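Q: Take a look at the letters that make up each chain.
4 protein chains.
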Amino acid sequence: MKILALNGSSRDNGNTEYMVTSLLEGIEASVVDLRKYTINPIIDKRHDPEGFGPVDDDYDTVISQVLDQDILVFATPLYWYGMSGHMKNFVDRWSQSLRDPRYDFRTIMSEKKALSLIVGGDRVYQKALPLVQQFALIYDFMGIENLGYVIGNGSKPQTVQADRRVAGDLRFWNEYLKQTM
Amino acid sequence: MKILALNGSSRDNGNTEYMVTSLLEGIEASVVDLRKYTINPIIDKRHDPEGFGPVDDDYDTVISQVLDQDILVFATPLYWYGMSGHMKNFVDRWSQSLRDPRYDFRTIMSEKKALSLIVGGDRVYQKALPLVQQFALIYDFMGIENLGYVIGNGSKPQTVQADRRVAGDLRFWNEYLKQTM
Amino acid sequence: MKILALNGSSRDNGNTEYMVTSLLEGIEASVVDLRKYTINPIIDKRHDPEGFGPVDDDYDTVISQVLDQDILVFATPLYWYGMSGHMKNFVDRWSQSLRDPRYDFRTIMSEKKALSLIVGGDRVYQKALPLVQQFALIYDFMGIENLGYVIGNGSKPQTVQADRRVAGDLRFWNEYLKQTM
Amino acid sequence: MKILALNGSSRDNGNTEYMVTSLLEGIEASVVDLRKYTINPIIDKRHDPEGFGPVDDDYDTVISQVLDQDILVFATPLYWYGMSGHMKNFVDRWSQSLRDPRYDFRTIMSEKKALSLIVGGDRVYQKALPLVQQFALIYDFMGIENLGYVIGNGSKPQTVQADRRVAGDLRFWNEYLKQTM
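Protein chains in written order, with full-length UniProt numbering: chain H, 1 to 181; chain F, 1 to 181; chain A, 1 to 181; chain E, 1 to 181.
These aren't lab readings, by the way, just hints derived from the structure by calculation.
Predicted, not measured: the structure shown is a model, and the values here were computed from it.
Each residue gets a CB set at the ideal place from its N, CA and C atoms; glycine is no exception.
Careful, some of the hints might be misleading.
[What the hints assert, rightly or not] With a cut-off of at most 30 Å between alpha-carbon atoms, the simulated DSS-like pairs for lysine-lysine come out as follows: (1) E/Lys45 <-> E/Lys156; (2) H/Lys156 <-> E/Lys156; (3) A/Lys45 <-> E/Lys156; (4) F/Lys178 <-> H/Lys36; (5) A/Lys113 <-> A/Lys178; (6) F/Lys113 <-> F/Lys178; (7) H/Lys112 <-> F/Lys2; (8) A/Lys36 <-> E/Lys2; (9) E/Lys36 <-> E/Lys2; (10) H/Lys45 <-> F/Lys2; (11) F/Lys2 <-> F/Lys178.
[Claimed, not checked] Ranges between beta-carbon positions, derived for each pair: (12) E/Gln65 <-> F/Arg164: 36 to 42 Å; (13) H/Lys45 <-> A/Ser64: 52 to 58 Å; (14) H/Val55 <-> F/Lys156: 18 to 24 Å; (15) E/Lys178 <-> F/Lys156: 55 to 61 Å; (16) F/Ile27 <-> E/Pro54: 53 to 59 Å; (17) A/Met181 <-> F/Asp57: 55 to 61 Å; (18) F/Tyr176 <-> E/Tyr103: 54 to 60 Å; (19) H/Glu175 <-> E/Ile43: 47 to 53 Å.
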């Protein structure tokens with residue numbers, strides 16, 4: 001199984017990074033820090049006779065890494081009760097990939113599994129639930145198997161380390177991922 | 001009452017634009033098409049000793065229009081079961097405004113009211129609900145009065161015009177807004 | 001099309017009754033006031049070798065009326081952010097009907113359509129959303145076509161009549177139902 | 001701290017009971033099996049000039065035990081994507097307690113903390129979320145501090161014991177409760 005984590009955080013050494021590192025401890029996996037790539041918001045050409053044209057940014061670089069995986073980890077801080085703009089810009093562009101003649105995006109994605117990782121403060125265990133539901137709808141739409149979600153509590157850098165509840169959850173998923181190898 | 005609609009759609013003449021136009025018929029109001037502005041994803045400097053520095057994009061232009069309003073309409077197509085990346089990038093940057101010494105963002109925003117407008121296909125009346133909840137959490141966090149939400153059904157351009165259910169809802173809110181003038 | 005409304009309210013002349021009456025104006029339909037029947041909470045015998053035995057209450061009377069319909073309206077006040085206990089007791093007993101050899105409950109139910117009607121005070125347009133989602137999950141599980149939902153604002157008796165937003169919605173659904181006749 | 005678990009399951013030796021037992025291992029606490037009490041659905045007299053009269057059932061017996069606690073555990077199987085009818089009938093009757101002159105229900109409840117325990121099959125980690133949100137709304141309305149929620153996977157009796165994810169969560173909350181003693 002090939003595993004890739006997409007990190008939607010906008011900073012280094014943050015809680016999202018900590019959770020991804022814990023989750024993947026002792027596991028061969030790739031991590032893509034979305035903030036290090038330029039991915040433009042989508043320009044919707046779905047109903048345009050010419051369709052989508054090429055966009056001069058890093059989307060193709062990132063999506064080509066995604067296509068090649070078995071398990072995707074969508075790891076994001078809870079920004080304004082949703083995934084970060086970095087991650088949303090990336091996901092929005094899937095509408096373009098769905099019409100890309102170079103690959104059969106829907107079929108390829110439907111063979112993958114996904115796990116959602118969300119970290120935030122301010123009663124995150126409740127307030128992340130709309131995002132958990134959004135991820136579920138996204139996975140369902142693409143036929144991706146929804147493995148589950150992990151919610152961590154932490155706002156200031158590294159504070160998620162003190163959340164012993166998420167620590168247990170991350171161990172569970174770490175073992176789960178190890179068994180898929 | 002000053003009214004501003006923020007349109008998160010990535011295309012002209014779309015269903016979002018149609019809904020905004022219907023809502024505001026006969027009302028003096030401004031519309032900001034977010035796609036016409038460059039707004040970068042946030043780079044989180046909340047926990048950085050230097051804090052946020054100036055960003056070379058159009059965020060300041062847009063937020064300065066927002067600050068001056070009484071009622072905000074957040075109008076977005078349902079992209080991947082959330083607000084569009086254009087709109088998410090804009091909202092994410094509020095974290096920066098919360099630390100901007102030039103104005104008291106929290107107090108100014110807490111004096112506003114907001115209405116959410118969402119349009120999409122694929123069982124939108126159900127699948128928009130996580131976004132309705134996300135908007136509610138955003139408004140609550142900022143102390144913005146949550147007027148309500150309007151969900152419209154339409155995916156291909158202009159098809160929302162055939163949704164007679166949303167037509168009635170838009171008339172209701174149009175009259176509501178007229179009475180505030 | 002045969003239409004039946006299940007009214008979960010615990011009082012006469014309430015807002016739920018008003019919404020049901022408005023919805024069905026000029027339409028031939030039946031109404032079952034669940035409070036007038038004794039329906040015991042389920043005793044789960046799914047995993048009992050003997051299975052479910054007969055229960056001495058009115059469940060059979062009500063479910064036999066339900067089986068015979070094309071469109072079901074689940075109308076309930078929002079009690080503690082869910083359907084009323086009267087209605088929940090009734091729905092819980094479906095687990096028994098799923099194992100009832102006298103009819104093929106799942107197949108019969110999967111041929112029906114359903115509309116949810118919810119009325120409450122205290123920011124009902126937001127706070128009814130978990131119940132809207134619960135109804136959707138129930139309908140999906142049974143294969144019932146989910147027509148949609150109507151949320152009305154009113155707590156004291158008859159106050160929903162002042163909610164002009166729901167009035168428009170009820171007119172829309174009244175016309176929808178008329179066209180199915 | 002006095003701890004009481006309300007078990008909404010309709011059977012003995014079920015998954016809910018197993019979760020409650022695990023949660024409370026080594027802790028002095030009471031358990032009320034709601035199925036062993038007769039609690040009628042509410043008859044709404046809030047807007048009746050005479051108000052609520054006495055009801056001839058076991059509600060008073062149960063609520064008097066509840067009043068005396070510091071931490072309440074609401075443990076329920078996920079029946080039709082909500083709490084069981086047994087538990088819903090009980091909670092609905094709080095509307096009566098809010099008007100009971102013998103005690104100040106709102107104030108007494110607002111001094112408590114609550115934890116929600118939900119167990120079910122069929123993708124329970126997703127499908128329990130509306131109920132998690134409903135519990136949060138209930139606690140917020142009463143001013144009860146919302147400690148959190150535990151979701152367990154299991155449908156046939158005792159199968160939740162195989163859910164190693166919830167095992168970790170239950171250990172976390174067991175330690176949490178021990179520290180409150």
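Q: Give a verdict on every hint.
A: How the hints compare with the structure:
no., hint, result
1, E/Lys45 <-> E/Lys156, "violated, 40 Å"
2, H/Lys156 <-> E/Lys156, "violated, 42 Å"
3, A/Lys45 <-> E/Lys156, "holds, 11 Å"
4, F/Lys178 <-> H/Lys36, "violated, 46 Å"
5, A/Lys113 <-> A/Lys178, "holds, 15 Å"
6, F/Lys113 <-> F/Lys178, "holds, 15 Å"
7, H/Lys112 <-> F/Lys2, "violated, 48 Å"
8, A/Lys36 <-> E/Lys2, "violated, 39 Å"
9, E/Lys36 <-> E/Lys2, "holds, 22 Å"
10, H/Lys45 <-> F/Lys2, "violated, 33 Å"
11, F/Lys2 <-> F/Lys178, "holds, 11 Å"
12, E/Gln65 <-> F/Arg164: 36 to 42 Å, "violated, 53 Å"
13, H/Lys45 <-> A/Ser64: 52 to 58 Å, "holds, 55 Å"
14, H/Val55 <-> F/Lys156: 18 to 24 Å, "holds, 22 Å"
15, E/Lys178 <-> F/Lys156: 55 to 61 Å, "holds, 59 Å"
16, F/Ile27 <-> E/Pro54: 53 to 59 Å, "holds, 55 Å"
17, A/Met181 <-> F/Asp57: 55 to 61 Å, "holds, 57 Å"
18, F/Tyr176 <-> E/Tyr103: 54 to 60 Å, "violated, 42 Å"
19, H/Glu175 <-> E/Ile43: 47 to 53 Å, "holds, 52 Å"
In terms of the numbered hints stated before, the structure departs from hints 1, 2, 4, 7, 8, 10, 12 and 18, listed from lowest to highest.
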